[in-house]
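A.B. asks: Chain residues, written in single-letter form:
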Amino acid sequence: MTTTFAELRQDLSTQILTIGGDWNASPVPYHLHGPDDVPDAVPASKAHLSFAIGLDSEAGEDRQIAALGARTITDAAVRFFARYTPKDGITSEDAALGHENDLITAVRGTSTDFQIVWARSSRSMVASGEWFTHEVAFTVYHRVPLT
Amino acid sequence: MALNTIPYIPADGQIVVTDGAALSYTIAYEEGDFSISGMKDGDASTELFSDRGDFFAARQVQQEAVSVSFSCMATEFYDGTDDTFLDAFLKTGAWGSATSVVGTGDVHAVKVVLTCDTSGITGGSSGTLAINHFIPDDVSFSEGVPGKFSVSGRGIPFGATAAVTRT
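If you're matching them up, the sequences are chains H and L in order.
Take 183 as the starting number for the first sequence in this note's numbering and just add one per residue.
Take 26 as the starting number for the second sequence in this note's numbering and just add one per residue.
Be aware that one or more of the hints could be misleading.
What the hints assert, rightly or not - Here are the computed distance ranges between Cβ atoms for each label pair:
# : chain 1 : residue 1 : chain 2 : residue 2 : range
1 : H       : E189      : L       : S122      : 34 to 44 Å
2 : L       : E101      : H       : R265      : 43 to 53 Å
3 : H       : D295      : L       : P35       : 51 to 61 Å
4 : H       : D270      : L       : P35       : 55 to 65 Å
Stated by the list, open to error - Pairs of lysine to any residue, SDA-like flavour, derived with a Cα cap of 25 Å:
#  : chain 1 : residue 1 : chain 2 : residue 2
5  : L       : K173      : L       : A185
6  : L       : K116      : L       : F183
7  : L       : K116      : L       : V138
8  : L       : K173      : H       : I247
9  : L       : K65       : L       : A185
10 : L       : K136      : H       : K269
11 : L       : K116      : L       : D131
12 : L       : K65       : H       : T256
13 : L       : K65       : H       : L328
14 : L       : K136      : H       : E312
15 : L       : K173      : L       : T106
16 : L       : K65       : H       : P327
17 : L       : K173      : H       : K269
18 : L       : K173      : H       : L328
19 : L       : K173      : L       : A99
20 : L       : K173      : H       : S303
21 : L       : K173      : H       : A249
22 : L       : K173      : H       : A223
23 : L       : K173      : H       : W205
24 : L       : K173      : H       : L250
25 : H       : K269      : H       : L328
Claimed, not checked - Residues of chain H clear of chain L, computed beta-carbon distances all greater than 12 Å:
#  : residue
26 : A188
27 : R245
28 : T267
29 : D284
If you're looking for bench data, these hints aren't it; they were derived computationally from the structure.
Glycine residues also receive a C-beta, built at the ideal position from the N, C-alpha and C atoms.
Model the full assembly from the supplied sequences, consistent with the hints where possible.
C.D. replies: Shown next, in the form of structure tokens:
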């Protein structure tokens with residue numbers, strides 16, 4: 183089974199949205215979605231748990247037989263914002279961390295077309311200090327179609 | 026015909042394993058690490074003779090095997106009906122009734138053919154390297170990303186057929 187990069191991004195997005203609640207897909211691509219500022223395209227009412235997915239891929243070693251597709255290792259990074267509440271800062275931090283765990287759990291169950299493992303997480307805040315910025319990275323092993 | 030000018034790379038290759046009857050298994054999900062060493066003229070070892078330090082004669086003495094190894098990504102340990110890497114070299118599962126290509130004795134030997142095809146490129150063509158009687162000596166599995174099956178063994182000349190034929 184092969185998976186295109188677009189299918190991979192869409193599968194991840196769909197799976198994250200199954201968490202429900204305030205999770206929503208950003209209208210802008212990953213590279214415009216933070217990390218230092220909430221983009222203008224994302225209103226404050228939608229910024230909480232707004233996410234975007236970035237993909238970086240590398241060919242694995244194999245013969246790249248056309249019928250089988252090319253073995254591919256993709257680093258999939260999910261960046262999302264979580265609300266910081268100054269009057270209850272630590273509680274909001276824990277809540278953001280909890281959302282991160284929800285995301286990992288959801289994404290790990292993404293698809294039967296490829297294998298995915300959680301790789302790392304990093305956390306920061308936007309410049310204004312209003313939002314946490316979490317970036318959760320996954321490693322995806324899949325095959326890219328060659329025909 | 027002019028020599029090919031296109032170097033072989035892993036994407037050009039494919040390995041097919043066959044028994045002495047009708048079984049045939051095309052190995053999938055390879056990294057392309059096929060290796061063969063020890064090919065000799067006439068498949069024979071060479072003995073050098075010297076007279077007080079000066080070589081004065083060389084003779085082919087006895088047949089010797091070539092060494093062959095390759096691997097693929099591990100996707101299935103055993104299958105009763107479809108071909109798998111381990112079954113093909115351990116004579117189990119779908120290969121449980123395989124016919125050895127070495128007609129005498131009880132050794133499970135198969136034919137291994139590496140085809141490298143660059144015919145789609147100007148200056149290239151398709152070539153094959155056939156190990157006519159491959160005896161698996163070490164069949165292995167190791168976990169990792171990805172998990173891997175590997176096999177190494179000897180290709181021997183047998184009867185009137187050389188250890189290796191090439192086209």
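A.B. asks: Now look at each hint and say whether the structure bears it out.
C.D. replies: Taking the hints in turn, this is what the structure says about them:
A hinted range of 34 to 44 Å for the beta carbons of H:E189 and L:S122 is consistent with their spacing of about 41 Å. For L:E101 and H:R265, the Cβ-Cβ distance of about 47 Å falls inside the hinted range of 43 to 53 Å, so the restraint holds. Between H:D295 and L:P35, the C-beta spacing of about 24 Å breaks the proposed range 51 to 61 Å. Range check, H:D270 to L:P35: about 57 Å between beta-carbon atoms, so the 55 to 65 Å window is met.
Of the supplied pair hints, the one linking L:K173 and L:A185 is violated, its CA atoms being roughly 35 Å apart against a limit of 25 Å. For the suggested pair L:K116 and L:F183, the alpha carbons sit about 20 Å apart, so the restraint of at most 25 Å is met. For the proposed pair L:K116 and L:V138, the alpha carbon gap of about 18 Å is at most 25 Å, so the pair holds. Straight-line distance between C-alpha atoms of L:K173 and H:I247 comes to about 18 Å, which keeps the hinted pair within the 25 Å bound.
Under the criterion of a C-alpha separation no larger than 25 Å, the hint pairing L:K65 with L:A185 is consistent with the structure, at around 16 Å. Taking the CA atoms of L:K136 and H:K269, the gap is about 74 Å. The hint is violated against a cut of 25 Å. Taking the CA atoms of L:K116 and L:D131, the gap is near 12 Å; set against the 25 Å cutoff, the hint holds. At roughly 44 Å between alpha-carbon atoms, L:K65 and H:T256 are farther apart than 25 Å, so this suggested pair is violated.
Taking the CA atoms of L:K65 and H:L328, the gap is about 39 Å. The hint is violated against a cut of 25 Å. Among the hinted pairs, L:K136 with H:E312 is inconsistent with the structure: their alpha-carbon atoms are about 68 Å apart, more than 25 Å. The suggested pairing of L:K173 with L:T106 holds, with an alpha-carbon distance near 21 Å, which does not exceed 25 Å. Between L:K65 and H:P327, the direct Cα distance comes to roughly 41 Å. Violation of the 25 Å bound is thereby established for this hinted pair.
Between L:K173 and H:K269 the alpha-carbon distance is near 54 Å, which puts this suggested pair outside the 25 Å criterion. Restraint check for L:K173 and H:L328: the C-alpha separation of about 23 Å stays at or below 25 Å, so the hint holds. Simply put, L:K173 and L:A99 have alpha-carbon atoms about 5 Å apart, close enough for the 25 Å limit, and the pair holds. At most 25 Å may separate the alpha-carbon atoms for a hinted pair to count; L:K173 and H:S303 exceed this at roughly 29 Å.
A hinted pair counts as satisfied when its Cα atoms are at most 25 Å apart, and L:K173 with H:A249 qualifies at roughly 20 Å. A threshold of 25 Å between alpha carbons decides the hint, and for L:K173 with H:A223 the separation of about 47 Å lies outside it, so the pair is violated. Of the supplied pair hints, the one linking L:K173 and H:W205 is violated, its CA atoms being roughly 39 Å apart against a limit of 25 Å. Annotation: proposed proximity of L:K173 to H:L250 holds, straight-line Cα distance about 17 Å (limit 25 Å).
As the CA atoms of H:K269 and H:L328 are separated by approximately 54 Å, the hinted pair breaks the 25 Å bound. At the 12 Å boundary, the C-beta of H:A188 stays outside the reach of chain L, the nearest C-beta of that chain being 24 Å off. A beta-carbon of chain L comes within 12 Å of the beta-carbon of H:R245; the shortest separation is about 5 Å. Even its closest Cβ contact with chain L, about 40 Å, leaves H:T267 beyond 12 Å, as expected for a residue assigned away from the interface.
Non-interface call for H:D284 relative to chain L: holds, since the shortest CB-CB distance, roughly 26 Å, exceeds 12 Å.
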